[in-house]
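Residue numbers (the working numbering), protein chains in the order written: chain P, 1 to 319; chain E, 1001 to 1325; chain C, 2001 to 2570.
Hints in this document: simulated from the structure, not taken from any laboratory.
Hints should not be assumed to be uniformly reliable.
Here are some chain E residues the structure puts well away from chain C; computed CB gaps all over 12 Å [to be verified]:
| id | residue |
| --- | --- |
| 1 | Tyr1072 |
| 2 | Gln1081 |
| 3 | Thr1171 |
| 4 | Arg1237 |
| 5 | Phe1269 |
| 6 | Ala1303 |
Have a look at the derived ranges for each label pair, beta carbon to beta carbon [what the hints assert, rightly or not]:
| id | chain 1 | residue 1 | chain 2 | residue 2 | range |
| --- | --- | --- | --- | --- | --- |
| 7 | P | Ala61 | C | Glu2437 | 54 to 64 Å |
| 8 | C | Thr2443 | P | Leu133 | 30 to 40 Å |
| 9 | E | Ser1218 | P | Pro217 | 40 to 50 Å |
Backbone N, C-alpha and C define an ideal beta-carbon position, used for all residues, glycine too.
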Amino acid sequence: MTQLNDPSALATSLPEGEMAKLPVGLGAPQVVGYQVSPRRAALRRFFRYRLAIVGLIMLSAILLMALFAPLLTPWPPNWVDFSTGARQPPDAAHVLGTDVSARDIWARVLYGGRTSIIVGFGAVALYLIIGTLLGLAAGYYGRFVDQAIMRFTDTIMAIPPLLLIIVFVAVVGPSIASVIVVIGLLGWPVTARLVRGQLLVLRESEFITAAHVVGVPDRTILLRHMLPNILGPLTVVATFGVATAVLLESSLSFLGLGVRPPEASWGNLITEAVSPVVLTRLPWQWVPAAIAITTTVLAVNFIGDGLRDAIDPRATKRA
Amino acid sequence: MGAYILRRILISIPVLLGITIIGFVALKLSPGDPLLTSVNPEVLANLMANPALLEAERRKLGFDQPVFPNQYFRWLGNVLQGDLGFSITSRRPIVHEIGSRLPQTLLLMIVSLGMAICIGIPIGVITAVRQYSKLDYGLNATAIFLASTPVFVLALIAIYVFAVNLHLLPTGQVHTVGRTDLPDLLHHLILPASVLAVVNAAPLVRYTRASMLEVLNSEYVTTARSKGLVERRVIGRHAFRNALIPIITIVALLIPEAVAGAVITEQIFAWNGMGQLAVKAAGARDPSLMMGIILITGVAVLAANIIADIGYAVADPRVRYDPAK
Amino acid sequence: MRARFPAVLAAIALLSTACQSAASPSPQASSAPASSAPASSAPASAPPSAPPESVAPPSDDAKTVLRFARISDFLPSIHPVDLGTGNQELMADIVFSTLVDVDSDEVTILPDLATEWTASEDATTYTFNLNPAAVWSDGEPVTVDDVIFTIAWSAQNPTAFKQIPVDMWVNVKGGAGVVGTTNVPEGLKKIDDHTIEITLERPDATFLRRIAGAVYYILPEHKLKDLTAEEALTCAFCLGTAGETIGSGPFDFSESISAGGATFTAKKDYWKGKDSEIDELVYKIQESNVSVAQLAAGELDLVIRVPPAEGEGLANVPGLKQLNVPGVGIFNINFNNNNTDKLLRQAVAYAINRPETIEQVLGGLATLNYTIPPGFKVYDDINKYDFDPEKAKELLGQSTWDPNKTFRLALLAEDPNFTVTAPALQQYLEAIGLKVELTALPTAPYSDLIQKTNDFEAFLSFGGSEGVGWYQSAIYYDCAGLGSSQLKLSEDRGECIYTEQFEAAAAATGDAQDEILHQLALDLNDNLPEIYLWQPNYLHVYTERLGGGFTIYPNERESFQKILDWTYAP
């Protein structure tokens, strides 16, 4: 799927013929400027760096909270607290109140974070593997293999992602596993393009030519020399991919096509707010989950921005 | 120019076929009797009573043959004759189902994308021109924040503020009950279109900014400046025109994303369009209906890409000679 | 429909104005048309290129229009073969007539097409005198031939009925012999053009009450004479098409049925000698959330079955009244009788603390049910299965249930009735040592699971006698019923052990009937093919302008039977 949060992913998300139309390195940070004093440039780098640090801290906090959820709340996420009752406002026992089924909302937000994180990282890991393998195959073998893989990639990219995911989830039935698999199976094109593009550049580079000359076998060149060189850009794609996957999972769960109801997910916590009375009178039921999603995605985007700045070769050269 | 457009259309056809093949094969894998969704229900009820006839009909429709290519080409043949099959949920022809909802979705998409372009591009230009100013940071931060917030959260907040608290706008639906006039339609359009526009504008701001910066830092802009041209002219005449091409690309890329946003927006605002239909079709596992939706959106997305291509050709005559070759 | 094309044009024009304002590099200016345009300025800001006819707002000065909605279950059809949802039944009552109607006490039989009727003492032969003034929308008179056509067609095509089986028509004497033919059952006897005698195969004292139901409406023979069973699903008449679907009820379709609803216009000089005070009905089929928002905005005059929890938010909307009553639908657990034994089912019944769930999860908006079959009397010797976890554990231990096995409880993910209380049920059942897995699924996979794969121990359901009487719930146990196959529950699916008792009860009257019903209630209460838990409240919200004879029946699906008596103050 297209990663619209990441301007630098654009070059890799275009159909092939159109890449030529883009200025090289579109979206890469513009560090050098005619009007910028070195001090300001440094300030800006620092600012960017700081945001990435902030993002990293935010994400670590969220990860830790999800991981140590049982330590942060005495309530299991599906426990019905009959003594308190449903739809109760926040108090000492239930810091964010209870939901329509008398379950603790804070616990559901914490455990819902696990769902989002598992889907976010799981789906991205899956499509990184698929995308890297296809990209390596296309870039390395070239010719017919390349053409076939790239045409297939174009096709997948022309389909609106959410729509295709809805279709596939309907086929396999909603669950965490199917959401991961479906996002994974549809999300690989960006990775494949990126890997292939990098590989084409690398193939012409001097050290690969040198390796060929001294008789290093193909497979070794591919795995030992080429793959490490594309790890950087892959990390950037993966980071923004996590943001996209978290948003997708929450959308699917919101529509009732993601995680199955008794299980907590940020998306299905917010679904309750389509009821007018919940939306207007019981904000504690949905606002925390909304904040959780936005914070997570924002943190990942900050990290992605920072990583991109750090990894982009032009940025480092000019710095 | 005509030849160029024709070539673009021809290139799109295999992609469209690819989309439908993927969708078709996936839906054939789903459980359920395919016969139910391919036959006119009148005929079907008759068939159900007679197992022998049912088997004959199965053979006649080719359900005993491989899904691909045989069954797929049969479906394709029907589509070319304007027959998309029957919906199992509404028992009506799918052409009818889609036809009654497409105008609402097109309206929502066109208006919201238009608004997104009108908001996103100027803001992107401003932030690039005033790089590192407080305005730049402020707008950029807002854009990142909006890009990180799910559509449904923005929609719920918008309903809460503008419809429930301020009573300015309706909470949803295409029309007030019992009305069909245009002012009423526009009144109902404002909120969903604005939410969708804001969501789509956020990435557009970031792209436009990046693209403008690239051009602003290029040598010919420096030359133009050194020749003593007024800054407004430099930006308007030289920089923006050159930044436009990647921006057109981005707008085209936004379209599949906007379709996804529309699915959720329609659901929350009870906007009677294709997005709502898609969610319904998925819940009811109505394969023919989903196939119809995939086909129509595939066509729409590719058409948008072709229009973008024509846009390049207009913005940059060199493109027509196809620099890729 | 008419507004669509100009609408697209205007939208493009709107766009161009928006773009013009955005051309100045001020972000405030460009965002203005997006979010801050006040409501009243929307028509004013419409560009001059908008077609002139769009300016005129609809005038409803002289016409009284009632706009209403009900929960959203719906099939876009009106022929009895496909009449399965309450919304369709309400529509059928608006457009068609039945032989007799029922009053809001759900007992008193009122005239509709028939002005008089008599029943033989053995409840087998019924005679109806039709109102000679009755006409169809096209002016043709309604005669005994239409009644005979309706009954005969139904008896000839019993398998055509996909939703509610028309048992009363099928049970007409000789009905079974005409299946698949074009013959008229011998139990139908035309005395004259306006008098008919109907003889049943076996006695049935519930006949009159049941044929007041919407699915038994009389069809126009001159319009549907040659209709085949297959065509009944898709013919223009059958789909509720304005101008095509004609009835003898007080309203006509003025806008055909679509997924979004339908519109009706009152007939002038209606044959009952009285015209409806309401000129037009706008019937919306939509999600409850949308209806609630539209009630608050004054767009709807009546919503039947608002989610009860929404009452709080609507309480301070001026001009709205609320009717919060115990509903007739009963929330229940249906067992898969192939996988479960009686002791396990009884254990489940003892395990659930029903009063606590009603109070603490449902906010008190439900009424306790004593695990009796819907519509039955609460006999003294009925086991009420009061909460007793110890007893539940004991029964579970004695049952054949393997405690290591997973107890799969299926529910429909889209219905809050199920999702809200399912976690509570799971918790109670786990407390007695069952390993419960909740399986919440969307409609299609859910019905696959229940009807085909059969891989579940129990599922949550919602149903009852609809306030009509014990005989209405016979379909849940009576395998003769053709519809709702998943509900045909008996000791062993396929073997209908309660059918005889239900038939015997229908044939009997007075004490004899009560004795049969008492025994049947005890049997069902002990065997527990399904456990009845509670009746969620129904909340109906309506404008105070509705008056006259306006009432919502306990079985809210029948509320429109007396719509001629309703008034609507301007």
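query = Any of the earlier hints contradicted here, and which numbers?
reply = Hints 3, 5, 7 not satisfied by this model.
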